[in-house]
Amino acid sequence: MSTTDKMLFALIMGCSYILIGMVQLITGALKALSEASMTEYAGHVIADGLFIPPDIIAGMILMLIGCVFLYGASEIHSGVHEGVAYVYVGILLSLIFAGIYVLAATGDLLEAHLLKNEEYAGWSILDALRPEIYLGVLSLLTYLKWKDSFEVAEN
Amino acid sequence: MGNTKIRVALAGNPNVGKTTLFNAITGSRQHVGNWPGVTVEKKTGVKTYRGYDIEITDLPGTYSLTAYSMDEIVARDYIIEEKPDIVIQIVDASNLERNLYLTTQLMELETEMIIALNMCDLALERGDKLYIDRMQEILAAPIVQTVASRDIGIDELLDRVIEQKQDDKYHGREIGYGDVIESKVLEIEKILLTDPSLQKKYPLRWMSIRLLEGDGNVKAKVEKSPVSKAINQLLASIDQEEYEAEIADKRYVAINAIFPQICTRCNVRLTKSDMIDRVLTNKYLGIPIFLALMWGAFELTFAFATPFTDMIERVFVWLAVNVSSGLEPQWLASLIGDGIIGGVGAVLTFVPNIFILFFLLSLLEGSGYLARAAFIMDRLMYKIGMHGKSFIPLLMGFGCNVPAIMAARSIEDEKDRLITILVVPFVSCGARLPIYILLAGAFFGRQAGTVVFFMYVLGIVVAVISAKLLRSTIVKGKPAPFIMEMPPYRVPTLRTSIVHMWDNGAMYIKKAGTIILLGVVIIWSLASFPWGIEYGSEGSYVGMIGHFFAPLLEPLGFDWKMTVALVFGLVAKEIVVASMGVLYGVGDNPAALTTSLIADPSITALSALSLMVFSLLYMPCVATLGVIKKETGSWKWAIFALIYGIVVAWLIAFLVYQGGKLLGY
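For the record, the sequence lines run as chains A and B. Under the numbering used here, the first residue of the first sequence is numbered 1, with each subsequent residue one higher. Under the numbering used here, the first residue of the second sequence is numbered 1001, with each subsequent residue one higher.
Don't read these hints as lab results, they were simulated from the structure. Where hints are given, some of them may not hold.
Stated by the list, open to error - Among the chain B residues that face chain A by a calculated CB cut under 8 Å, a handful are:
# : residue
1 : Ile1276
2 : Arg1278
3 : Leu1280
4 : Lys1283
5 : Gly1286
6 : Ile1287
7 : Trp1295
8 : Thr1306
9 : Met1311
As the list claims (entries may be wrong) - Chain A regions said to be covered by chain B (calculated; three or more residues, Cβ under 8 Å):
#  : segment
10 : 10–17
11 : 76–87
12 : 138–146
Using N, Cα and C, we set each Cβ at its ideal position, and we do this for glycine too.
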């Protein structure tokens, strides 16, 4: 797989993570400031459509992962071949945070269906879906495709 | 007739897989203690193999055998004085050149040596070529290739140990230091030879070299000898610093001559480990990524553990209702239901969180990431007046402050060490985690993980600000320079992570059955007396204690029950939660502690936050105070840590509570 493909991938992922992270951060801040309910805060239509829960810290982390991808894209664009390191680590971070939320969703699943906890009444798998997970799936597919092409020979 | 015993010592640089190899050889037949007279951990184990009892001693990891740290002194004194049959040096095959420095020093100790070339898979994967036969020839020691994390090469290593023991001939090589130094070595050796007791006990060539290098520990050994006067006269006639530098230089010359003959790199590549390092140690991204990963760990600790803590909580609620309801007399039912089940149960509820957090920290440590964390924090640490090495004890403090304070022994400079010891208690240990989980879970809902994360961040921030304060007031000076090794990244093994998790988690469970059980019985007694009083009421002894201290803590938003919990938490922080279990989870229809707390009008989200802050920062537990006294050699610093902790905790909790009230919370 060529370095240009990696650069394009990093660019797309970087922009996606940063944009979604910004929505998550801003809606999180708006919700915190307005003390509104989950469905009433400003910007909830966009956020709900993309399964983005209002969450300041998680939003900052998405933006951080986006920065790692964009840093890599920028290095590759400038001819620094080692910039693929940022693409590789961006994918790893993406997978780590996807894994964290998949495990958190497993916890919710147990609460809802095994323990029948009232707080989780009506919980469905869609409630667990969030950008860290669906962007993580994208990273996973890419990683499986490129996993052997990441090491860089130094001449 | 019993098996023949072979005594083997494991030596090596830190992070070469020494403990992994020790575990792989000895399995569960281990004994952990301390080296005599010091608080450096000593691990021994026995392996029965081919009719031999091989007794293994895991020496502290060191880069050299000078006398700059306690670890180095312990390692070399063991080899010299205990004279193990064989020393196995574990060498990181992917970092061969640097590991050879210790090899050159071990060779001088005139001991039988075997080299375990560990992590060969990483070296080969990187494209290195290792010439094992040539290595054996040059170093005059058997070489065994191992991958300890996957049990590869262990049997072959044990076979070599037995062969070496049966052979019983000393094979050794020496480093030549050039005519000038060698003539001085000979002169000193001649003098030392005149004392038979020294000759019997120590390798004289090694001793002579160390004397030329100005080793204070070796000088002290010679001081007791009749030859000390002659030795001192000779040493006074030379520039020891110059000799020390020259000797180190000659060792590197030897290593540079040996290395190309035993290893070549046919293909220099940027490995995945190098790629990860490039990003994780990036000047701008390194610290945010570290914080993000730590936040992820706490988020997961909370979110994934919730169903398991709920299950345990339900079991204890069931026990409290069913066990105590059928018991007579009533005081016994109350002791078991309100006291033991309520108190110890409240603590045990959080076992899943503790286990998950330790498992995640173990993954971070086992992957090699925590060493990077120390590296990326070094610049910041230096600016605030702390030594880069201090970050490791601070991170260890997440588990328990006691071993973290002991770990500060690896810091050579006394002032750096003292500052580290005094600020480690601010780092949130595992015992404080249940307090946050209980209160954050009850009052902060889905944001609980974030609140817990910020408690840990607050602990570190207060620790570093305190370090800066101490450095600019009572412990003036600049931190010493910091050199640190970066182990390669590895996929942590499940076994190692589980063992680490179990070691720490089991300590928590053990405390629940000992000191916490004792604590809840005392609190229950104080809550039940004087006779005839309503259990846990304001008229009970515990109520009196609470009301006595309450005026001091009222400005922080605490009622008398919270005050009692904090007073008893001085013994061990877990008792804060246990006390709450005893004092809040009371009545004929005991509910889960969380529900009782939410229902109590005297606790708000703000006072809960203030309580978390105070619990984090107020004085270290009794065990930590004891170890501060032991490590600093004075009660003065232990008392200082106690008073300073209480003052800082009170001020910050006051700011949180009163500030929050001003903001309308």
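How does the segment 10–17 of chain A fare against chain B when you require at least three residues with a CB closer than 8 Å, holds or violated?
violated (count 0)
Hint status (Cβ of tryptophan 1295 of chain B to nearest Cβ of chain A, threshold 8 Å):
The hint holds - tryptophan 1295 of chain B has a Cβ within 8 Å of chain A, the shortest such distance being about 6 Å.
With a cut-off of 8 Å on the beta carbons, see whether leucine 1280 of chain B makes it to chain A.
holds (7 Å)
So, isoleucine 1287 of chain B near chain A? Judge it on the closest CB pair being under 8 Å.
Since chain A brings no Cβ nearer than about 11 Å to isoleucine 1287 of chain B, farther than 8 Å, the hint is violated.
Do at least three Cβ atoms from the segment 138–146 of chain A come closer than 8 Å to Cβ atoms of chain B?
Result for this restraint: violated, n = 0.
Closer than 8 Å Cβ to Cβ for three or more residues is the test here. Does the segment 76–87 of chain A pass it with chain B?
Contact hint for the segment 76–87 of chain A vs chain B: holds, 4 residues under 8 Å.
Does threonine 1306 of chain B pass the interface check with chain A, least Cβ-Cβ distance below 8 Å?
holds (5 Å)
How about isoleucine 1276 of chain B: closest beta carbon in chain A under 8 Å, or not?
Hint on isoleucine 1276 of chain B: holds, closest Cβ of chain A at ~6 Å, below 8 Å.
Using Cβ atoms only, decide whether lysine 1283 of chain B comes closer than 8 Å to chain A, and label the hint accordingly.
The hint is violated - lysine 1283 of chain B has no Cβ within 8 Å of chain A, the shortest such distance being about 11 Å.
Does glycine 1286 of chain B meet its interface restraint, that is, does its C-beta lie within less than 8 Å of any C-beta in chain A?
violated (11 Å)
Given methionine 1311 of chain B as an interface hint, is its Cβ closer than 8 Å to any Cβ of chain A?
holds (7 Å)
Restraint outcome when arginine 1278 of chain B is required to lie within 8 Å of chain A by C-beta distance:
Holds - the Cβ of arginine 1278 of chain B comes within 8 Å of chain A, reaching about 4 Å at its closest.
Of the numbered hints stated above, those contradicted by the structure are hints 4, 5, 6, 10 and 12, listed in ascending order.
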